[in-house]
Amino acid sequence: MKRSHVLIMLAILFSASNPHLDAQHKKLRVVTTLNYLKYIAAEIGGEDADVLALANPKQDPHYVTPTPRMNQVAGSADLFIENGLSLDMWAKNVIDASGNPSIQPGSKGYLVATINLPVKELPTEISRSWGDIHPQGNPHVWLDPFNVKIIATNIANQLIALDEENASNYQKRLESFRYRLDATMFGEELLKAVGPSAGDILTRKAKNNELLPWLKSKKLDSKLGGWMKKGQDLDGMKIISYHKTYVYFAERFGLKLMGELEEKPGIPPPPKHRDAVIDQIKREGIKVILNDNFYSSEAAEYVASKSSAKVVITYLDVGASPEVDTYDKLISHLIEEILQASK
Amino acid sequence: MRSFWARSWAAFCKSVCSWLPCKASRTLPALPLEDQAGKGFAADAEEAYGLIKRLPLLETAPLGVKVKIGRFRAPIGVNNKIHMHDLPWSTRPLVISEYLGTEHGNFFESGFNPTGIDLDFFLPNPISETTLEMNADIVRAGDLGLSGGHAGRQPAYIGHLNFSKDWSNEHLLILGVSTYQENGTESTRLYGADLTYRWAPSEDRESHSFVAGGELFSGDRRYTDSLSAQLRSRPFGWYGYIQYQASFWTYLGLRYDWIEDPLDNSQVSRAGALYASYYTTEFLRFRLGFEHRWSDISAWNNTNTGILEVNFVFGSHPTEPYWVNR
Numbered sequence: 001m002k003r004s005h006v007l008i009m010l011a012i013l014f015s016a017s018n019p020h021l022d023a024q025h026k027k028l029r030v031v032t033t034l035n036y037l038k039y040i041a042a043e044i045g046g047e048d049a050d051v052l053a054l055a056n057p058k059q060d061p062h063y064v065t066p067t068p069r070m071n072q073v074a075g076s077a078d079l080f081i082e083n084g085l086s087l088d089m090w091a092k093n094v095i096d097a098s099g100n101p102s103i104q105p106g107s108k109g110y111l112v113a114t115i116n117l118p119v120k121e122l123p124t125e126i127s128r129s130w131g132d133i134h135p136q137g138n139p140h141v142w143l144d145p146f147n148v149k150i151i152a153t154n155i156a157n158q159l160i161a162l163d164e165e166n167a168s169n170y171q172k173r174l175e176s177f178r179y180r181l182d183a184t185m186f187g188e189e190l191l192k193a194v195g196p197s198a199g200d201i202l203t204r205k206a207k208n209n210e211l212l213p214w215l216k217s218k219k220l221d222s223k224l225g226g227w228m229k230k231g232q233d234l235d236g237m238k239i240i241s242y243h244k245t246y247v248y249f250a251e252r253f254g255l256k257l258m259g260e261l262e263e264k265p266g267i268p269p270p271p272k273h274r275d276a277v278i279d280q281i282k283r284e285g286i287k288v289i290l291n292d293n294f295y296s297s298e299a300a301e302y303v304a305s306k307s308s309a310k311v312v313i314t315y316l317d318v319g320a321s322p323e324v325d326t327y328d329k330l331i332s333h334l335i336e337e338i339l340q341a342s343k
Numbered sequence: 344m345r346s347f348w349a350r351s352w353a354a355f356c357k358s359v360c361s362w363l364p365c366k367a368s369r370t371l372p373a374l375p376l377e378d379q380a381g382k383g384f385a386a387d388a389e390e391a392y393g394l395i396k397r398l399p400l401l402e403t404a405p406l407g408v409k410v411k412i413g414r415f416r417a418p419i420g421v422n423n424k425i426h427m428h429d430l431p432w433s434t435r436p437l438v439i440s441e442y443l444g445t446e447h448g449n450f451f452e453s454g455f456n457p458t459g460i461d462l463d464f465f466l467p468n469p470i471s472e473t474t475l476e477m478n479a480d481i482v483r484a485g486d487l488g489l490s491g492g493h494a495g496r497q498p499a500y501i502g503h504l505n506f507s508k509d510w511s512n513e514h515l516l517i518l519g520v521s522t523y524q525e526n527g528t529e530s531t532r533l534y535g536a537d538l539t540y541r542w543a544p545s546e547d548r549e550s551h552s553f554v555a556g557g558e559l560f561s562g563d564r565r566y567t568d569s570l571s572a573q574l575r576s577r578p579f580g581w582y583g584y585i586q587y588q589a590s591f592w593t594y595l596g597l598r599y600d601w602i603e604d605p606l607d608n609s610q611v612s613r614a615g616a617l618y619a620s621y622y623t624t625e626f627l628r629f630r631l632g633f634e635h636r637w638s639d640i641s642a643w644n645n646t647n648t649g650i651l652e653v654n655f656v657f658g659s660h661p662t663e664p665y666w667v668n669r
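Line by line, the protein sequences are chains A and B.
Residue numbers for the first sequence, in the working numbering: 1 to 343.
Residue numbers for the second sequence, in the working numbering: 344 to 669.
Treat the hints as calculated values from the structure; they're not laboratory data.
Where hints are given, some of them may not hold.
Claimed, not checked - Here are a few chain B residues that face chain A, going by a calculated C-beta distance under 8 Å: (1) A404; (2) S545; (3) G583; (4) F591.
Keep in mind the model is a prediction, meaning the values are calculated, not measured.
Glycine residues also receive a C-beta, built at the ideal position from the N, C-alpha and C atoms.
Let's have the full structure, built from the sequences with the hints guiding it.
Right, here's the structure in full:
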């Protein structure tokens, strides 16, 4: 090969402009896989970050097909955030095809948002005969608002690591976001009544299932508001879901998950299993079937038609419908729809 | 040529690989084991390359460039880049096997997988929400089917430009153009255009999808025959296909091929094929196919072929082929 060929190739490499953060460009470019991550990153990043999500919020997050545009968008990102826990495994293809060394795993520009979350349903052994199980545990963590606070902290820390100049801005927005989430969770009146570190205290009590007794002992139970107040009506309610999506939501609001329509994750239910679910619904008086919007509702509608249960079409990601364009609305919508269906 | 590649690779490894972070590159070997047209099973390195994600001396990758060095399926069109087991059919289109190359016939692995260097990068483009991606390759010449192994010691140059747009990840359109050039005592040029369209709804996506596409190639080969006469061959060929996902497990497809013979352009061959793929899980797939050929070449004319393909995947959750809606 002639030297001129090598020089031409090197010229192509060196002649292009630097697409990444430079002296003229002040905002961080943040790319997330899912829209709930975009929502949180935008809340924390504020005017110091431009945030873009790759997936369509209506889609099944397990099976997003990477496109050249996703690869190119990731190519100019300063920070790439994925959910992790084997939910958005397509993210690896995007990162590889982006040609962006800054966002490769292990770099400061790469973040698995769920990296330090307490994960549920971690399998002790794995077999393909069990269907499309998640080997790192159930990944639908964001349906528990307490986990979203941890995710927000992880995102803030990464933004600060990349952009120390605006660290105080990110920190302020994180505190504001956590406060707003706590207020939506417990009610602002209760937060003010508890006093300093109210959010952390109430979160710890709720996680230890001590919240109501503790509030009663402090004579603060009448001040409870927000989702925890509304969610009291969900406590002990038996539900069936199409997929194993609601483990974290159920734990937080006291729902009892009685099973799934999918006999094996990722595989549509066979008729025999569907009939077994119908029998279970009748036997246990289950009133609600939760069906994620991106799954076919055919099986759920059939089961509902043979029993007294109602199908609730649920949205998993922020922006999946105009009604759920914020995280607050996503959780509120889920609580209200379940309560409506259970009447 | 061979000593140049060997010296360059050794020098590159010595000077660069020692300080490149291990996560900035990876190597990928792909070894098919196949019965080579009744001559017995043998293993062959279909692809073996290093992919460099972090370039030496550069903080960032200009234009998002990725460098591939080694043996790889060349970015000529769409079909050639894909491994046979990832195709929506069991055989390569005739234009791929005849123009890009096949060692053991149309019903075995075909295409062009030379040794060389590939640069893959994005181009700035003025149309928003679209992507322009380019491949620029320098490879060892002579292995392309059309050139028939007569390119001498010259390198060959490949260019491929992709324009793509997607709409909310429901509709995806990719248009591409390709060129292959090798010069020397004999010269070969190949020009191609490709189109791929894919649709899958956002909701209830798992049971519905549609893929359509095709490629056309125009070749230009100048060579000398045994009597030292200067000859020129300009064959043209194309294929088109559609595939519909009828249910969660089942995909149905049609393909039509049309090519002029690379040596005698007046000889035309056509093939029509039907395929049904049954996808139990991402680890096991069955396919039934039927192909009929009409051809001016008597050995191919009015031939019917029935195909049964079973694909097992061993290992972790694989990346799905482009036509699979999972």
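A quick look at each hint next to the structure:
Hint status for A404 of chain B relative to chain A: holds, with the closest Cβ pair at about 5 Å, below 8 Å. With 8 Å as the threshold, the beta carbon of S545 of chain B comes within range of chain A, its nearest partner Cβ sitting at about 4 Å, so the hint holds. With its C-beta approaching chain A no nearer than about 22 Å, G583 of chain B sits outside the 8 Å limit, and its interface hint is violated. Taking 8 Å as the C-beta contact cut-off toward chain A, the hint placing F591 of chain B at the interface holds, the least distance being around 5 Å.
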